[in-house]
Amino acid sequence: MSLDVAKIKLDFPILERKVHDKRLVYLDSASSSEKPTAVLDAMDHLYRTSYANVHRGVYTIADESTQAYEAARAKVARFIKARQTEEIVFVRNATEAINLVAYTWGRTNLHEGDVVVLSEMEHHANIVPWLMLAEERGIVLRWIPLTADFRLDLTSIGELLRGAKLLAITAMSNVLGTINDIGPLARAAHAAGALVLVDASQAAPHLSIDVQDWDADFVAITAHKMLGPSGIGALWARRELLEAMPPFLGGGEMIRDVRKDGFTTNDVPWKFEAGTPAIAEAIGFGAAVEYLEALGMDDVRSHEVELTRYTLDALDDRLGEKITIYGPRDVAVRGGAISFLFEGIHAHDISQVLDEDAVCVRAGHHCAKPLMRVLGVPATTRASFYVYNDQADADALVEALAKAEKFFAP
Amino acid sequence: MSLDVAKIKLDFPILERKVHDKRLVYLDSASSSEKPTAVLDAMDHLYRTSYANVHRGVYTIADESTQAYEAARAKVARFIKARQTEEIVFVRNATEAINLVAYTWGRTNLHEGDVVVLSEMEHHANIVPWLMLAEERGIVLRWIPLTADFRLDLTSIGELLRGAKLLAITAMSNVLGTINDIGPLARAAHAAGALVLVDASQAAPHLSIDVQDWDADFVAITAHKMLGPSGIGALWARRELLEAMPPFLGGGEMIRDVRKDGFTTNDVPWKFEAGTPAIAEAIGFGAAVEYLEALGMDDVRSHEVELTRYTLDALDDRLGEKITIYGPRDVAVRGGAISFLFEGIHAHDISQVLDEDAVCVRAGHHCAKPLMRVLGVPATTRASFYVYNDQADADALVEALAKAEKFFAP
Amino acid sequence: MPGLEDLYREIILDHYRSPRNRGELPTPPAHKSEGFNPLCGDEVVLYLVVEGDKVVDVKIGGQGCSISQASTSMMSAAVKGKTLAEARQLISAFKALMSIHESKLEGESDGADLQAELDGVALGDLEALQGVVKFPVRIKCATLAWNTLQQGLDEVSVPS
Amino acid sequence: MPGLEDLYREIILDHYRSPRNRGELPTPPAHKSEGFNPLCGDEVVLYLVVEGDKVVDVKIGGQGCSISQASTSMMSAAVKGKTLAEARQLISAFKALMSIHESKLEGESDGADLQAELDGVALGDLEALQGVVKFPVRIKCATLAWNTLQQGLDEVSVPS
Ligand SMILES: Cc1ncc(COP(=O)(O)O)c(C=O)c1O
Ligand SMILES: Cc1ncc(COP(=O)(O)O)c(C=O)c1O
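Residue numbers (this note's numbering), protein chains in the order written: chain A, 1 to 410; chain B, 1001 to 1410; chain C, 2001 to 2160; chain D, 3001 to 3160.
Hints in this document: simulated from the structure, not taken from any laboratory.
In this text, all values refer to a predicted model and were calculated from it rather than measured experimentally.
Any given hint could turn out to be false.
[Claimed, not checked] Residues from chain C shown here face chain B by an in silico Cβ test under 10 Å; the list is partial:
id, residue
1, Phe2036
2, Pro2038
3, Leu2039
4, Cys2040
5, Gly2131
6, Phe2135
7, Val2137
8, Arg2138
Just so it is clear, CB atoms sit at the ideal spot from N, CA and C, and this is done for glycine as well.
This is chain A alone, in the form it adopts within the complex (with noise of 0.2 Å):
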């Protein structure tokens, strides 16, 4: 493989963690992963040498504060390509981002009647603010469905996109593991005039990204997928669309002027920043996206290839006959997130017993209800890879699960 993970593993503290006196084998990094030393350090030092709240402060520790949250907002602006750093807003996760867009652009461009497109792969952040909408005003939404092999089924996207003021896609399933072909989809998207929002919570942390590449309008992202800290994602968006949307939330930073009778707005990204920001995690979520620049995307993603390819296999011949995989058998067109039905034993066993080896799964319906129902299975079983897996992972993976079986053999 072409991370070095022995080495990777290294930068991970928790990863010298022992549960029931095993080493942790952590396989739920698709619902969130753990974080570098290099992360931790970035924002332990912002505290013990320079914490200030930013952009007010003319002394030296709020100048300090303030230039590494914007450095870090250039930084994450880099990671995925965008053009201009103002067009990066810091939000606290991709539900906010989604949801920011759905209050400020949403509620000004969409209207009863209007359809917005969703895949039926969607997780609830993308699905929900959207089914809020249609609550509240009536708009329409149609869904792209799957084929039997788990991706999106294109045969129809004309019809679907006909009339759409906006597809709200994600770029990977965090069930399936399936990874859609955004460029095409959004070029399609705006041909019949709709604008394109990408769920980019699991693209982000996996692929090499590039907004622009996509043609994307709206990107959302969120740091604890990508060995950042918790409490800070970003929205991209392009800055015409950012100039144009009203603003969210209100209060300090995001104005220019407040008068008793009024009040004007601030420039964009702060516009969208209200309030004082999660300054640390923001530097931690810049110190994360240079950990995974220092890695190199490219070769995160063949890692991940290969550790799936071989994981696929190795389930197949262990239990292939216990297991049915939902997502692409295909290691080209999906991530790393593995989930399935073990015949005979419920997800939530399976991830008990598993506990016991110290292997760390999801089990349930990953917050994807309406996947749920297509697949037409109540709850699966996920496991899922980053950067600090390796083959002895998987390794363990498949034992535990052998064992699991014996356990609940009648």
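Knowing the structure of chain A, use the given hints to seat chains B, C and D with the ligands on it.
Chains B, C and D with the ligands only, in chain A's frame:
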């Protein structure tokens, strides 16, 4: 003084920082406070031993993360004497807390011509969300004016509250230091049929507060001003209100079920916590309130009263003819934020010169432009105290101001 | 550190593999109620036939993890033939069994109140579920059936 | 570490204490423009009288910190009597003076382009403001007057 400040200073690593070879004299806690090791360690410990996403995983570290996150909620609830832990909604900051109320309760209950009563000493965070509603749907704002000694002028409070739907008021001014007596105001508002939102951003760090005693309906607090990390704050609201309010942000965690044609919401408070929350930050917030509780909020308050009295006296003695203080002189009714004009020297220049002596003060409008216009000043300098400040810090301020005077003397 | 054997007692796995009283009943005379755990998708379907003050028949359906399904099966066996009052007492006792640990954690109670609920109630097989309290995330799995029972009893007591 | 003397050169304090060209002019013939720094509340009021292609009179007003006020005073002295083209060249040169440091920080330019802007322009007293670039938060104070000038020139060039 009742706090052992020498000992407390050791808990704040940043206080070892030197600026221009001088020890840091941090007097900008009203903007944001520094953080004790206990808070940094709580977050670091999570990331190094137990970090995982909350509320979803069956495995050990996910359970540990969830328990620590929910335990933090219980600590914050206890700190402000909420009756129920579920009355605490974690948000990014006080600004988001107030906007949450404006978007959910406000957009459900406030219609054209409805009255919201504010005071002239509000922070933009408690003005702009209401100005947005004024613009969007024509609600009417009424303003409680100030007396000559910078307190609320309650002469016409009856008329101001008549027919009002909401009183939205700060418990302590971030500019004047003025403490508002919330209990009687809230009872008057309730008698007039209005609900009461208290902006406790400044009060919670410095006073022992009791949301029950206040008879409040909504209370906003922000961790970064009370020794906690950036990126986290809380909205407290009475449970019935939270239950009646529609959701704010849509996504994972806030739902009970999602179908293609609709969704149902989760129980409070999770209904308002869409997406992956600021997990480490909530835990840091919990550690911060525990640290404050260990100091004892009564001692925190009396320390501040003494230090504020000492400083006001010292400023008077040394620079009385040069300095105009904006805020009550009676330390019993004010906190430790001291705003002033220095004759002939602009606030920005004061702050710049003070930085040479590593004295950190704020210069500007302090996110309270309507108040600045009432005071008739474009900007003030503000020094503010917290638990790690002592008389030596106050002396450093006075000395540095005397030096600034000399520097700019013609 | 609690082990798997605390959670998955043999008797639990037995109820999971061979659930008692599985099936449906015509409504009416049976009353049907449904419980749902949104976090994991577990479902409990419960048919109750109450005559006078007695639960004369019970059938269960639904799907979910071993704990929720075993708990449902055990519940069905425990309430069948009981009076309404006895059934409600069982609910309280079972919830007490589940929450002693929780409340101690939060320091809200010393568990004495909860212990009182348990005194004098024969839980039988259900005691096997006590191990669940060492796995706090799984408590909801165990209580789902009982919340559904409570809901069912409430509904049959208020004739609709 | 830059010291106060880099920022507050004697000539700056002199302009701050005794601002040149302070006052108002009747409009018309003068053109009035206003600049505003929302962060700190600084204000610049600028009266320009342009005849032909020449700035024949300038007056300034407003209030703010020593840097913004001194910069305004220096600007007024520098542009008075200059042609419009010369005034615009001064704006570019001054902005270059202010941003060399900024752009180096962000690694976007090696400053060569900016240096070109400076070549051949006599900044005189204004050079004293170069120390401001070592205090990035104060750059906006220094440039406020110049942005206001630019706005004023733009407005007089487009006859309204
Ligand atoms: C009185 C008051 N209210 C609200 C706020 C806003 O707090 P935050 O920026 O954390 O949202 C502040 C602090 O800036 C404040 O002092
Ligand atoms: C595809 C996808 N979209 C959105 C989200 C929401 O991210 P967050 O919870 O950080 O807002 C997630 C993760 O849970 C995800 O996997």
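Results for each hint:
The interface hint given for Phe2036 (chain C) holds, since its Cβ lies 8 Å from the closest Cβ of chain B, which is under the 10 Å cut-off. A cut of 10 Å between beta carbons decides the hint on Pro2038 (chain C): the least distance to chain B is about 4 Å, and the hint holds. Given hint, Leu2039 (chain C) at the interface with chain B, holds; its Cβ is 7 Å from that chain's nearest Cβ, closer than 10 Å. The criterion of a C-beta within 10 Å of any C-beta in chain B is met by Cys2040 (chain C), whose closest approach is roughly 9 Å, and the hint holds.
Restraint check, Gly2131 (chain C) versus chain B: the minimum CB separation of about 15 Å is more than 10 Å; hint violated. The beta carbon of Phe2135 (chain C) comes within 8 Å of a beta carbon in chain B, closer than 10 Å, and the hint placing it at the interface holds. Below 10 Å, beta-carbon pairs count as interface contacts, and Val2137 (chain C) has one with chain B at about 5 Å; its hint therefore holds. Checking Arg2138 (chain C) against chain B by beta carbon gives a least distance of about 7 Å; that is within 10 Å, so the hint holds.
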